[in-house]
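Undergrad: Chain by chain, the residues run as shown.
Number of protein chains: 2
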Amino acid sequence: MTEQDILKALSNVQEPDLGKDLVTLNMVKDIVIDGNNVSFTIVLTTPACPMKDMMATASTNAVKFLVNKEANVKVNFTSNTTTARGDGQNQLPGVKNIIAVVSGKGGVGKSTVSANLALALAAGGAKVGLMDADIYGPSVPIMFGVRGERPLMKDAGNGKAVIVPLEKFGIKLMSIGLLVDDKNAVVWRGPMASSAIRQFITDVEWGELDYLVIDMPPGTGDIHLTMVQTVPVTGVVVVTTPQAVALADAKKGIAMFGQAQIKVPIIGLVENMAWFTPAELPNNKYYLFGKEGGKNLAEEYELPFLGHIPLVQSIREGGDAGVPALVGNDEISKQAFMEFASKAVRNIAMRNANMAPTAVVQMVE
Amino acid sequence: MTEQDILKALSNVQEPDLGKDLVTLNMVKDIVIDGNNVSFTIVLTTPACPMKDMMATASTNAVKFLVNKEANVKVNFTSNTTTARGDGQNQLPGVKNIIAVVSGKGGVGKSTVSANLALALAAGGAKVGLMDADIYGPSVPIMFGVRGERPLMKDAGNGKAVIVPLEKFGIKLMSIGLLVDDKNAVVWRGPMASSAIRQFITDVEWGELDYLVIDMPPGTGDIHLTMVQTVPVTGVVVVTTPQAVALADAKKGIAMFGQAQIKVPIIGLVENMAWFTPAELPNNKYYLFGKEGGKNLAEEYELPFLGHIPLVQSIREGGDAGVPALVGNDEISKQAFMEFASKAVRNIAMRNANMAPTAVVQMVE
Ligand SMILES: Nc1ncnc2c1ncn2[C@@H]1O[C@H](COP(=O)(O)OP(=O)(O)OP(=O)(O)O)[C@@H](O)[C@H]1O
Ligand SMILES: Nc1ncnc2c1ncn2[C@@H]1O[C@H](COP(=O)(O)OP(=O)(O)OP(=O)(O)O)[C@@H](O)[C@H]1O
Ligand SMILES: [Mg+2]
Ligand SMILES: [Mg+2]
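So the sequence lines, in the order shown, correspond to chains R and U. Numbering of the first sequence is given in the working numbering, commencing with residue 107 and proceeding in unit increments. Numbering of the second sequence is given in the working numbering, commencing with residue 107 and proceeding in unit increments.
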């Protein structure tokens with residue numbers, strides 16, 4: 107067995123999402139051959155890659171069938187999260203992917219989805235931050251149980267002080283709720299809210315991150331514009347519930363990011379609060395907010411559908427108690443969020459492989 | 107029997123909410139006596155007064171017991187909706203009460219509550235308008251089934267064109283969704299959204315109204331400030347769902363309107379989506395979003411509690427289909443909204459009787 111043999115065999119293994127083989131994609135390194143023992147490392151496009159096991163099996167089989175039936179194959183994994191950062195983008199240089207979670211309609215579950223997406227990515231081994239961009243109704247402090255905690259400031263070295271994000275469940279967190287007293291209404295005109303958001307980008311030490319998830323406020327207003335004008339957003343995840351009033355607003359959000367001057371790719375759409383199942387009637391699904399509205403919208407707009415999240419009391423309870431579903435005890439909701447996140451992460455990798463970097467939007471007023 | 111006798115008897119009948127008697131409150135007129143027949147008119151503080159029957163009985167009894175056991179008493183009702191408009195307030199001169207429905211948190215049911223409050227007031231005989239102040243996520247067009255309809259313009263006489271509100275189910279309606287193409291995102295900076303709201307006040311022919319209900323967007327931002335700076339808001343109705351993340355935002359909304367520079371009275375708080383009852387298990391209440399969170403908040407903040415609205419699939423369906431619960435077929439939801447609206451309307455009358463007019467806010471930035 108030579109290194110050449112192994113590479114030739116692995117050139118028959120496809121990366122399932124990117125549609126090319128592992129060798130062409132430059133994903134194989136550290137081949138070590140010792141008699142019948144062979145080991146190599148596959149460099150994944152994301153640590154949270156849900157295709158890991160499949161690729162391990164396919165690679166092992168390729169070596170055994172094409173090179174040496176007796177081979178003992180050991181596949182190691184490492185990852186180098188792909189990015190679609192363009193040149194000359196100075197903000198958040200250490201952040202590989204900026205994922206904005208948007209909706210149009212309020213209360214559809216953006217914050218819940220953001221929190222659990224961040225946790226699912228981190229569970230896969232990625233370095234993850236979560237920025238709460240909802241200046242008027244921040245949810246991150248409650249959902250992560252860090253209400254009342256205050257982030258520390260730190261000298262950035264150049265005489266400038268930066269804010270160090272809080273860390274909880276392995277996620278770096280920032281929210282206006284961690285800076286402003288809980289009891290006061292934040293009654294700010296748009297320009298002040300926008301400037302708070304800019305500070306979350308320029309004055310917070312996010313460091314090296316594979317993914318920065320941004321929990322956006324409802325609507326399509328100032329903060330959305332400021333965000334796309336300040337950082338290159340890799341893509342947006344659209345959250346909707348199934349009813350018509352939510353879908354109408356989701357369409358507005360989709361239209362906003364598709365506008366010629368903005369052009370941020372849509373990673374996909376997730377349908378939240380899809381149905382309710384009482385514990386006493388485990389076979390009943392109550393489509394309280396309508397049936398498949400999100401799925402149908404994804405089809406209509408030809409967007410990747412990222413799955414259904416059912417309405418589960420423990421999801422709400424976890425949000426209120428500071429223990430998001432992904433780190434909670436309910437297997438049904440955990441499973442739903444894991445499946446959603448793994449679809450999202452694959453679509454992010456595909457987006458990075460196939461599309462041009464997002465530009466920072468120059469002007470849209 | 108003399109007019110004096112009747113008035114003396116009626117001075118023993120209390121207006122239950124205002125805590126004074128009908129004669130002191132100047133609510134009795136048109137006394138006609140003909141032998142044993144006596145009739146008079148009680149001028150209610152609102153046509154939607156839920157205390158009508160009680161006052162009729164009490165007045166009849168007062169005359170019979172205190173004046174003449176043989177009397178045939180006929181009580182007529184009319185109404186002159188009270189107002190707390192101050193002097194020198196030029197905007198919307200024909201509108202007696204401006205009621206803003208707010209929440210803080212998105213998606214808790216502001217639009218649903220606004221629509222059904224407007225319809226309940228109109229069902230009681232009041233003249234009612236509904237202004238959709240949600241520029242980024244207008245719901246009124248869908249909820250009233252007038253999507254795609256366009257309001258007409260009209261020459262106001264002074265060479266200025268005004269917009270004539272649409273009318274549906276007896277309610278005058280205005281929404282950005284009736285003016286801007288449905289498919290386009292409204293991506294406006296705050297100042298443009300605020301100017302749209304000002305136009306909804308200055309350039310729309312609202313005419314004479316007992317109540318103008320304003321369906322506010324989520325949060326505590328530009329549009330809220332613009333609203334209180336442009337018109338004297340009689341009071342706000344706070345909508346919340348029971349969970350902690352919603353209550354936290356509701357507190358922000360309450361704090362905003364209570365601020366020294368703003369000072370708009372809170373009419374009361376309504377708890378929406380309080381519980382779900384599957385048809386198959388009519389005795390089960392699933393407190394999906396938590397139990398009594400809104401009621402407890404009202405107690406904590408010493409605000410009038412306006413009731414629970416359960417989570418009922420037909421409320422959502424009615425919203426999507428353009429037939430709000432109050433004009434739909436489901437008696438449980440209709441009843442819940444009627445009880446809520448009658449508490450709200452009483453509290454508005456009490457507010458008008460007991461508190462100073464709201465001032466237009468001069469400056470809060
Ligand atoms: N699948 C679900 N099952 C049960 N409860 C849920 C689910 N998704 C969200 N919730 C609850 O619904 C409420 C609204 O969700 P969330 O706060 O995430 O929405 P949002 O879109 O971020 O709202 P806003 O527009 O106010 O920011 C929260 O109390 C949350 O815990
Ligand atoms: N009591 C209820 N039972 C069932 N569905 C309800 C109930 N109240 C509201 N809904 C539904 O929940 C969704 C959110 O309600 P609504 O649009 O009124 O909220 P909102 O506070 O106005 O939201 P936004 O912040 O986006 O303006 C709608 O689909 C509505 O039909
Ligand atoms: Mg949120
Ligand atoms: Mg609304």
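Worth double-checking, as some hints may not be accurate.
The list treats identical chains as one, so a pair stands whether inside a single copy or across any two.
In silico lysine-lysine, DSSO-like type, Cα no more than 30 Å apart, as pairs [said to hold, decoys possible]: (1) 449 x 369; (2) 274 x 397; (3) 357 x 274; (4) 391 x 180; (5) 391 x 266; (6) 135 x 170; (7) 449 x 175; (8) 126 x 170; (9) 135 x 180; (10) 126 x 401; (11) 357 x 369; (12) 260 x 158.
Hints were generated in silico from the structure; no laboratory data involved.
Undergrad: Against this structure, judge whether each hint is valid.
TA: Results for each hint:
no.: 1; hint: 449 x 369; verdict: within (22 Å within a copy, 49 Å between copies)
no.: 2; hint: 274 x 397; verdict: between (35 Å within a copy, 28 Å between copies)
no.: 3; hint: 357 x 274; verdict: between (33 Å within a copy, 25 Å between copies)
no.: 4; hint: 391 x 180; verdict: neither (45 Å within a copy, 55 Å between copies)
no.: 5; hint: 391 x 266; verdict: neither (55 Å within a copy, 55 Å between copies)
no.: 6; hint: 135 x 170; verdict: within (18 Å within a copy, 101 Å between copies)
no.: 7; hint: 449 x 175; verdict: neither (34 Å within a copy, 81 Å between copies)
no.: 8; hint: 126 x 170; verdict: within (21 Å within a copy, 94 Å between copies)
no.: 9; hint: 135 x 180; verdict: within (13 Å within a copy, 97 Å between copies)
no.: 10; hint: 126 x 401; verdict: within (28 Å within a copy, 58 Å between copies)
no.: 11; hint: 357 x 369; verdict: within (15 Å within a copy, 37 Å between copies)
no.: 12; hint: 260 x 158; verdict: neither (39 Å within a copy, 66 Å between copies)
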